[in-house]
Amino acid sequence: MKRAIVLAAVALSACAPKARYTRPEPVVSPPAFKESPDWKASMPSAEAPRGQWWTIFNDPQLDALEASIDVSNQTLKIQEARFRQARAAIGIASSQRFPTITAGPQVSAVLQSGNRNTPTAHDTFGDFLLPVDVSYEADVWGRIRLTTAAARAAAAASAADLESVRLSVHAELAVDYFQLRALDAEKVLLDNSVQAFQRALDLTRNRFQGGIVSQADVALAETQLETTRAQAVDIEAARAGFEHALAELTGKAPADVKIAPLPLDSPPPDIPAGVPSELLERRPDIAATERRVAAASANLGVARAAFFPRLLLTAAGGFESASIARWIAGPSTFWSAGPALAVTLADGGRRRAGVEQAQAAYDETVADYQATILQALREVEDSLASLRVLREEADVQASAVAAAERSLTLATNRYRGGVATYLEVITAQNAALTNERAAVSILSRRLLTSVVLIKALGGGFQASSLTQFGPAPHKGAPYR
1 MKRAIVLAAV ALSACAPKAR YTRPEPVVSP PAFKESPDWK ASMPSAEAPR GQWWTIFNDP
61 QLDALEASID VSNQTLKIQE ARFRQARAAI GIASSQRFPT ITAGPQVSAV LQSGNRNTPT
121 AHDTFGDFLL PVDVSYEADV WGRIRLTTAA ARAAAAASAA DLESVRLSVH AELAVDYFQL
181 RALDAEKVLL DNSVQAFQRA LDLTRNRFQG GIVSQADVAL AETQLETTRA QAVDIEAARA
241 GFEHALAELT GKAPADVKIA PLPLDSPPPD IPAGVPSELL ERRPDIAATE RRVAAASANL
301 GVARAAFFPR LLLTAAGGFE SASIARWIAG PSTFWSAGPA LAVTLADGGR RRAGVEQAQA
361 AYDETVADYQ ATILQALREV EDSLASLRVL REEADVQASA VAAAERSLTL ATNRYRGGVA
421 TYLEVITAQN AALTNERAAV SILSRRLLTS VVLIKALGGG FQASSLTQFG PAPHKGAPYR
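Its first residue numbered 1, the sequence shown is counted upward by one per residue in the numbering used here.
The reader is advised that the hints may include incorrect statements.
[Unchecked claim] Derived BS3-like pairs (lysine-lysine); straight-line CA-CA distance at most 30 Å:
1) 34 - 77
2) 77 - 252
3) 77 - 258
4) 187 - 258
Honestly, the hints are just simulated from the structure, not real lab data.
Just so it is clear, the structure is predicted and the values come from calculations on it, not from any experiment.
Work out the full structure: start from the sequences and follow the hints.
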């Protein structure tokens with residue numbers, strides 16, 4: 001009988017489904033980025049940033065802030081705890097590959113009913129029992145293997161999620177930092193303007209006292225000065241907000257973080273984008289969605305395996321005696337062993353619905369994978385286009401700043417010579433300050449867009465780092 005059960009299981013295993021996972025092909029795979037030809041012409045041949053990518057900005061203050069992210073950031077700690085949960089799930093799933101052994105020692109005193117129709121009615125005796133049970137499921141149809149594969153893929157996806165959060169937090173800190181430095185640059189402009197406007201006010205007052213100009217010119221000069229001074233004060237409030245945001249990102253209280261002013265003064269470094277196909281290896285969110293496709297594929301195999309019997313190998317043994325003195329002795333031993341098949345004959349369509357659900361879940365992850373690739377391509381193209389346009393805009397704005405400064409010089413000289421009114425000077429002052437602040441804004445946007453481009457390119461992530469959880473992502477993993 002036992003041999004018949006084993007032979008039947010072997011025969012049925014030949015009919016079991018064989019599954020092999022292969023990474024879905026991207027719906028689009030352009031050979032190059034649309035914005036690359038114009039952008040790459042001015043780029044060095046250096047490789048894209050790896051690891052601590054923020055060091056390419058050559059800013060020690062930024063480097064120090066970024067270094068504290070991995071140590072103190074709470075958002076990162078939350079995701080790291082989720083990753084450890086997913087990694088522990090691998091052990092839970094893979095434990096099914098091994099036998100389960102249980103023991104339940106029991107000592108009891110028994111008083112039989114006096115109304116039993118037996119010679120030993122109303123007798124008292126002891127029962128000393130030491131059973132050991134062993135159960136094992138032979139993975140004939142790959143259910144356990146596929147469950148473990150799904151757990152490994154899910155853990156790899158969680159690891160990629162962790163890297164995606166890490167990249168986002170580092171990028172967010174860099175963005176906040178450069179915005180803070182842009183405010184520092186604006187503060188310098190406004191402070192310098194306040195000093196210049198104070199000198200202009202002093203000049204106007206002297207000319208008013210000499211009877212050269214009217215009180216209206218003095219009022220205009222005072223208005224210009226106080227308005228600019230108010231803008232300088234407002235910059236301090238905005239700067240404090242970014243400083244507090246940096247404190248939160250580094251896991252510190254706002255009172256413990258003080259960042260010295262450091263105005264922006266240099267353009268961002270060139271960042272090579274590479275080719276679109278590299279995004280599959282360098283984007284953690286793409287790697288995460290691909291691993292979820294693999295997990296869904298394995299879960300689909302598990303759902304299909306539910307149509308086949310489960311081969312269970314069980315054994316039980318131990319010692320039982322009415323006396324503790326003869327408990328652990330040869331005559332007290334007992335045992336039993338044998339295989340069994342667990343077959344579901346009817347379930348009202350539950351298994352079929354389970355397969356349909358698993359298939360739909362797989363299709364969902366494939367669509368999510370394709371959508372993530374398209375989103376990655378768009379983000380890179382957006383950043384490349386923005387950097388190209390901002391570079392051109394910076395050149396034009398530099399000319400506008402130079403022209404505004406010349407206009408201010410001419411207006412001031414004309415005013416000193418009594419040829420122009422003070423309204424002309426104020427107009428020139430406003431134009432010069434507006435163009436200088438616009439130049440700072442463009443420089444800030446170039447730096448922020450550079451950070452966004454690095455994030456869109458995946459920072460220093462490599463999908464090959466996920467091989468610790470099983471077969472390498474993007475190369476296909478056999479599920480048989």
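Consistency of the hints with the structure:
Proposed proximity of residue 34 and residue 77 is contradicted: the alpha carbons are some 38 Å apart, above 30 Å. Taken as a hint, the residue 77 and residue 252 pair is honoured in the structure, with Cα atoms around 14 Å apart against an allowance of 30 Å. In summary, the hint linking residue 77 to residue 258 is supported, as the alpha carbons are separated by about 24 Å, within the 30 Å threshold. This hinted pair checks out: residue 187 and residue 258 have alpha carbons roughly 17 Å apart, not beyond 30 Å.
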